[in-house]
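Chemist: Let the hints inform the model, and build the full structure from the sequences given.
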Amino acid sequence: MSYDYARAIQDVIEQFIRPRAAEVDRAGAFPRANVGALADAGLLGLISAESAGGRGEGLGAAAHVVERLAGACGSTAMVLLMHYAATALIEAHGPKDVREAIAGDAHLGTLAFSEAGSRSHFWAPLGTAVSGDGGRVRLDADKSWVTSAGEADSYVWSSRPLAADGPMTLWLVPRDREGLSVLGAFDGLGLRGNASSPVKADGVLVDREDMLGPDGEGLDIALATALPHFLVLSAAFSLGLMEALTAETAAHLARTKLEHLGQTLADQPMQRARFAELRIRTDQVRAFLRDALAALAGGREDATLRVLEVKAVAAEAASEVADATMRLCGGAAFRKECGVERLFRDSLAARVMAPTTQALHDFVGRASLGMPLFEGASG
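Residues 0 to 378 (numbering that gives the first Met the number 0) make up the sequence shown, in order.
Read the hints as simulated data drawn from the structure, not as lab findings. Beta carbons: idealized from backbone N, C-alpha and C, even for Gly.
Derived Cβ-Cβ restraints for the label pairs, each shown as a range:
(1) Arg6 x His360: 36 to 42 Å
(2) Ala26 x Ala246: 21 to 27 Å
(3) Ala28 x Asp175: 18 to 24 Å
(4) Gly297 x Ala246: 30 to 36 Å
(5) Ala286 x Arg6: 21 to 27 Å
(6) Asp175 x Glu22: 26 to 32 Å
(7) Ala296 x Ser1: 16 to 22 Å
(8) Asp139 x Ala21: 37 to 43 Å
(9) Ala296 x Ala249: 28 to 34 Å
(10) Asp175 x Ala253: 47 to 53 Å
(11) Ser1 x Leu182: 41 to 47 Å
(12) Leu182 x Arg273: 42 to 48 Å
(13) Glu22 x Gln357: 32 to 38 Å
(14) Arg278 x Leu304: 23 to 29 Å
Below, in silico cross-link-like pairs of lysine to aspartate or glutamate (EDC-like), each with a Cα-Cα straight-line distance of 16 Å or less:
(15) Lys256 x Asp266
(16) Lys199 x Asp139
(17) Lys199 x Asp141
(18) Lys335 x Glu247
(19) Lys335 x Glu22
(20) Lys95 x Glu49
(21) Lys199 x Glu177
(22) Lys199 x Glu150
(23) Lys199 x Asp175
(24) Lys95 x Glu208
Modeler: See below:
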């Protein structure tokens, strides 16, 4: 019998995720129990290869799972999103034992790309990799934001190349390596439970075998594996928030009455028209996401362009829908028990997560004009 990931994520959401969402947000606590429930349901190994013991599902399945999660608990959804992005890269270049651990739902991964010195310009790491004694490699870096910092079992870590030319080299760094430290707990506006904190590497020693792919080719590897997963799944994340916001708005309009008129808010033409804008905007994003997935699956010529566009489209749309929901739901939306204000806060994150909307607009412009994506690149 094939694995029913849609049923699995729905069951986990109803039994575990949704009942805990408000407390995860209130406390700003990493959702360890939720991650455990996802593992028990077989969802950490969703996109791992069947040959490694995983479910062998593709990006479309991961997008469905992240979308559904985002509407219930944005923090948990972001943790899983980053895990899937890391998994895609580890599947392509990682060691067998880690691939099998992920496939067996016993290993949580994440990306560690953004740095304090280059901020959201993830393609320009300042952290170094230097040859040390006994053939080992010393890593030093100040990572600015790492989802699941101190919680993931391993980091897909970027640095300057060890010896080769090129902008970046990638490493698989276990969480418990001496010299790694998480610099404070995350206390953010939204996604409060995703443990997105700075991580410092001070003389962290790794083996050369921990290198993911050839020295100096990390950017090409990231662009081919982790980045498409991150961008598409970020769009799915934003879509999940939009669907939840739209559903909350519809329920509010249907149940809220204007007693003096004997009508509900849904009976008012102006409110209906404004709600229609939310519904249309959400459906537009869904159509765009489906097209991006189809472009990737079919190897279309415009696949790269669609992938670069999809996060920017969805992130900005989610912010618009969240703002409109707050207006339509009025004072009720400001009360925490309603859940709308949490969705509103979570919706603001995607536009500032690297690559930001501004950076993606530049990439889209460059790609559309036949220019290299990065300054100094040859093509």
